[in-house]
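Colleague: Chains as they are written, first to last, in my numbering: chain A, 2 to 502; chain B, 343 to 1035.
No lab work stands behind these hints: they were computed from the structure.
Quick caveat, the model's predicted, so the values are computed rather than measured.
Among the hints, erroneous ones may be present.
Dumping the calculated EDC-like pairs for lysine to aspartate or glutamate here, alpha-carbon to alpha-carbon at most 16 Å [what the hints assert, rightly or not]:
1) K345(A) to E664(B)
2) K21(A) to E190(A)
3) K799(B) to E373(A)
4) K776(B) to D262(A)
5) K575(B) to E527(B)
6) K504(B) to E62(A)
7) K345(A) to E757(B)
8) K345(A) to D603(B)
9) K784(B) to E242(A)
10) K423(A) to D468(A)
11) K875(B) to E898(B)
12) K344(A) to E888(B)
13) K596(B) to D751(B)
14) K786(B) to D378(A)
15) K508(B) to D365(A)
16) K497(B) to E242(A)
17) K344(A) to E750(B)
18) K834(B) to E373(A)
19) K836(B) to E242(A)
20) K875(B) to E856(B)
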Amino acid sequence: MPTVILLDVSLSMTSPVQLKDGTETTRKHLAEIGINAFLDHLSVQSKLEFISLMAFSSLYEERCPFTRDYAAIKAELKNIDDYDKTCIETALHGVNQMVLGEWGNNSACQIIMVTDGSTGVGPKSLKDSLASLNQRSSKSTFPVPFTFPGKLHIICITPSSDLNFTKSKPLYQRLIDLTGYDGSILVPENLQTETSVTNLFQKLAEDMYTTFKGVLKCGNLESKVILSPAPVPYTRVTDFECHTRSISDLIDVCGFVSVGDVGSPMAVGRHLVLPAPTLGPGRQEGAAKNDADAADEDVGDEGRTASFCVLLHGALRVENMAALVSLGENWFGFIYSWADSKKKSNLMLTILTPGSDAVPWLGDLNNLGSSESFSPDQVGSFPVKPSEKRSYSQNGVVWIRQAGLQSDIQKILRHARKLPEKTQQFYKELNRLRKAAISLGFLDLLNGLAYIFDQECMQLPGSAHPDCALQLQHAAEVLRKTQNRDIKYVVVPLQTNYTNS
Amino acid sequence: MSFSLTNTMYPANHKTVFVLDHTPYFGISCENPIEFEFLKSRTPGFIPMNPISKSLWTSSVESAIEYCRIVWDLFPTGKLVRFIASDTVAHILNTWSPLQQNLTHIMNGMSLIGIPPPPVPLRSVGTPQDHTVLHGLRAAIEAISEPTDLQEKLKSSLDGQKILNKCRVICITSARDNDSMKRLEDIFLTVLNQQNKASATSDKSLSIDHCHLVIINTFPISIDSQVNNHPPKVLSPILTTEVHSIKAPHIPNKFSSIILDHYDLASTTVTGIPMKEEQNASSSANYDVEIFHVSSAHTAMLKGNASDSAAIRTIKDGLEYETTTLKWCTPRGVMGSELQNCTCMHRITPVDVNSRPSLCLINFLLNGRSVMLEMPRKAGGKITSHLLAAHGGEIFIHTLCTARSVLEDPPSISEGCGGRVTDYRIPDFGLLIKQNTLVPIKLKGNEDGGQPIQKMKTRLNRLTRYWPMTISSTLIFNLKNYFDPLPTLISKEKITDDETFQCKKVIYNLISLESKMEPLHPPNTGQRVKGQKREEQYKAMWNELETLIKNNLHSENHRGVYGCLLECHKFNFDEDKLGDKVELDDALNQLDNIGPGKNDQDVPRASVIRATTDSPMSPPPLASIAPPLSRAGLNRSGGIYHAQRTLLEIFASHEKGKSRPEFAGRQGDSLVWKLYPNLKTNDHGPREGMEVE
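Work the whole structure out from these sequences, hints included.
Modeller: Structure below.
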């Protein structure tokens, strides 16, 4: 997952550090060495990770956009000047903006803040920021929790006994708690050797980039898989509950749904499902020790051993179907064939929001089954419709804008001119309007409409059907009768000789 | 825990009460006559009609109902609204019950209440009746101390842990001046405190942790009100009030802006919708439609790039809120055939539900088509940021991921494990997928046997008991012409006698083919399966068939088919074993099959025969021997054919274990017996081990 290295370049970072071997260096220089060690680790272990570099003091500056070119970051590290005081809040705003702009609000990212244990002074110091958390308006929100799933690690290049650090530690912890993810606060064991700093960064790199290993299973067919990027715990906040959950390592296929029926539901994560090498532990160790040739050979072997992932992918693509998988207690996802712009096809897992109600139009996901296992009267079809129609498909009455009322009346008059053919429609629309007027207490409208009908009657051309006048007069009469002002009353057409003929 | 959570959890919008003033004053007209354009163009001699104008009551009812229309369109559950009309008493129109949370119920209730009562004559006889909105406010406070279904459920599930009862009361009334408005607020606070005291001793009602009182002071268009607006003011830790003084016809506009705050909504204007002109059907003009939805649909887009987002946000004319303008993008080709990368999804509702452009857009979507929305970029070009689509009669806005993907440049699946295998049985698996397509199931009241989705997993388990993944690893699935319908029937949970007969017929047919020395041809080719002699082919076929049937002993009839196979074809497994070159994988597979619970179905072939031929006193074959620990890890990777054991199988295997004969040393008179008699022999295989008398 993408990582932002957030480097403190305030003046306090320039304070001197006496190393064991007698040489003097600065905190900033140690930080630089540490970051280099971190990047070196990545370039061996996780070459595909995106890293960016941001420097901050009272302001912040993006020094390197997200890149896989770690050398560029290393080069940039050398060119960073020293600035004024530490201001963490501003920097975190910057992080929010940079990550949102690049990855959106759905990709998990990590932030490594490299600082020295001083949290700034005065307004906008971390202490001040945290103290004023509850007095913020919607215009000046605090940047944490991040607008994306963000984990915060804070590395302090300072002796762990430093008084500043002791004071800052609870503030840092508070900040990490606010993110909602389990970040960490790290201090070098001793500040007197460079190795202690590099070890710290390397250890962090190892911990940060763990791979997710699980099993994809469909009945008795299964395959070990790796998810890339590794899924992060998801915190779901509803009106009354707040849960953080991680997916289980068993991805169990429950059945299949056509891609069209799935629609495009909201995903909390998208991950490539890659078949994992199935070598025994003994062989794997051997392979690691062997030279490159042997390793290549192994890869070749793996390629030729049938994998359920590949079979599933092929069949899903041909059938244009997606597999519904369970990812834990009452948590589901979809696996389907996905191709990037270069037409490289892959198996993709979309993780839905936890809960069996994640996709409204599929109904309760726990209640999906095969039509063969149930009696025909129990079997429904997609999409599942809600029990109530929404207002826009109900043909309701809204007269908030005058145009709404005018068009309703015009519709009735249009039908009136085409009587007797439109008798049904005329009375249907009339009753709809009447009912609404009574509910809204808009009785003047009924009298007004009766008047309009009278006028309409007088204006009828000679060629008009005699029924026209009779029905209009009848309707006007009924509208005027106060005893009929009950929504249960229905105006019915007048029976005329003409209607019967 | 964190501040953001306390902000978003326990929102006030879970419970809203509308208190509508139904006193005689609200019977007066707004004095905002409705224009009837179509009457103006009439011939002379037309007698102009008396102007029609809504009353204050009609204005307030329709505004409140419009507010609810938006809420219930966007949040079908969990956001509850109650209505109370107040004159001499409080008229309660609905409860918190979800059944009464719909427009039809409210509209029907309104028609029963009717128009406000006529004013009481000045010199009326008897005690004047007390017409006031206070009755309604009191009833509202009682209403919000009643728990909703959801609160009730949480209260019992959290046992002891407190849930916050927050709410909002929106009161539409008319006050004389600021003082009387102030009195109204003070009385409300007093009643609120009284109610909380009462709730403290009551088990049924919830104390109110916070109430947001919104007072709309309204009056006809021709009047100037003496009441001033005031922004939200904290009257007490449990009460915040605000007052808006508005002319009656403008209440809906005010509501459209406050509802955005109340429910954290945002407005989007879809621009450039091509629509046929009503008058002139050959030409089309572009229209705009405004929709409301939860504001997070815009989060990524608006926060991501400040300068781009500033360009598309504008204040609505004559209103107080911002709308984000996105361009309609005429859909090309068939949409919905692929899964979009959707990061956020919310219901929408049109702001002007009955206007012609709105109806046009709505019907377009409800008919199953979807629309992409585009956002222009300052840097040039545009980006597809949203998708509007209807699912099951509800319209949703899907926020698409516009950001860079962390999955840039992924490897293709063909480059990974198993990627170089070219003979996967893809069409056959496609068939399995089609047979296991999910459909929604309507559960009957007394449904047993768990959720349909669990049944589905059991079903998939059954159907894949023996399922070779590649063409080269199977023979019988390539020779469908000889085996159908046996593979399909045998994996069924139950088979009828007729189906049993069909399966047996397949076996008989194969026997007769073998006796006629006919080679087995795959369908559509005259070729014999390459590289195999007929005898070998038959042997492999019988062995595979035996594995298939043995793995599918789901019922007595299944066992009948298996019995038939054993009777018809003489399996000489020992010879197999010796004759074949035992490859490592095969050997591992065999070992996998030895172990508790693999009885009946999974015991390797050899032992099955032995079990039927051995004397009753011989030790049970293999079933009760645990696999050597060192090999446990291999079980999983060993093969795809091995069934996951069901609980029943584990149980059965334990039962079987118990019937194991007594240890030989304890059977005879002598209590001495040599332990591990075959420890020094080369063959450590447990199967052979068991053959020691």
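Colleague: Evaluate each hint against the coordinates.
Modeller: Going through the hints against the structure:
A threshold of 16 Å between alpha carbons decides the hint, and for K345(A) with E664(B) the separation of about 42 Å lies outside it, so the pair is violated. At most 16 Å may separate the alpha-carbon atoms for a hinted pair to count; K21(A) and E190(A) meet this at roughly 13 Å. With a CA separation close to 14 Å, the supplied pair K799(B) and E373(A) stays within the 16 Å bound. At roughly 14 Å between alpha-carbon atoms, K776(B) and D262(A) fall within 16 Å of each other, so this suggested pair holds.
Note on K575(B) and E527(B): the hinted pairing holds, with a Cα-Cα distance of about 11 Å set against a maximum of 16 Å. For the suggested pair K504(B) and E62(A), the alpha carbons sit about 45 Å apart, so the restraint of at most 16 Å is broken. Distance restraint check for K345(A) and E757(B): the Cα-Cα separation of roughly 10 Å lies within the 16 Å cut-off, and the hinted pair is therefore satisfied. A threshold of 16 Å between alpha carbons decides the hint, and for K345(A) with D603(B) the separation of about 45 Å lies outside it, so the pair is violated.
The suggested pairing of K784(B) with E242(A) is violated, with an alpha-carbon distance near 28 Å, which exceeds 16 Å. With a C-alpha separation of about 11 Å, the suggested pair K423(A) and D468(A) falls inside the 16 Å cut-off, and the hint holds. Distance hint between K875(B) and E898(B) is unfulfilled; the C-alpha atoms sit about 35 Å from each other, more than 16 Å. Straight-line distance between C-alpha atoms of K344(A) and E888(B) comes to about 42 Å, which puts the hinted pair past the 16 Å bound.
Using a Cα cut-off of 16 Å, the hinted pair K596(B) and D751(B) is violated, with the two alpha carbons roughly 50 Å apart. Simply put, K786(B) and D378(A) have alpha-carbon atoms about 10 Å apart, close enough for the 16 Å limit, and the pair holds. Annotation: proposed proximity of K508(B) to D365(A) is violated, straight-line Cα distance about 29 Å (limit 16 Å). Distance hint between K497(B) and E242(A) is fulfilled; the C-alpha atoms sit about 12 Å from each other, no more than 16 Å.
Note on K344(A) and E750(B): the hinted pairing holds, with a Cα-Cα distance of about 12 Å set against a maximum of 16 Å. Of the pairs offered as hints, the one joining K834(B) and E373(A) holds, with about 11 Å between alpha carbons and a cut-off of 16 Å not exceeded. Using a Cα cut-off of 16 Å, the hinted pair K836(B) and E242(A) is violated, with the two alpha carbons roughly 44 Å apart. Restraint check for K875(B) and E856(B): satisfied, since their Cα atoms lie roughly 13 Å apart, inside the 16 Å limit.
Figure legend: structure checked against the earlier numbered hints; hints not met, in rising order: 1, 6, 8, 9, 11, 12, 13, 15 and 19.
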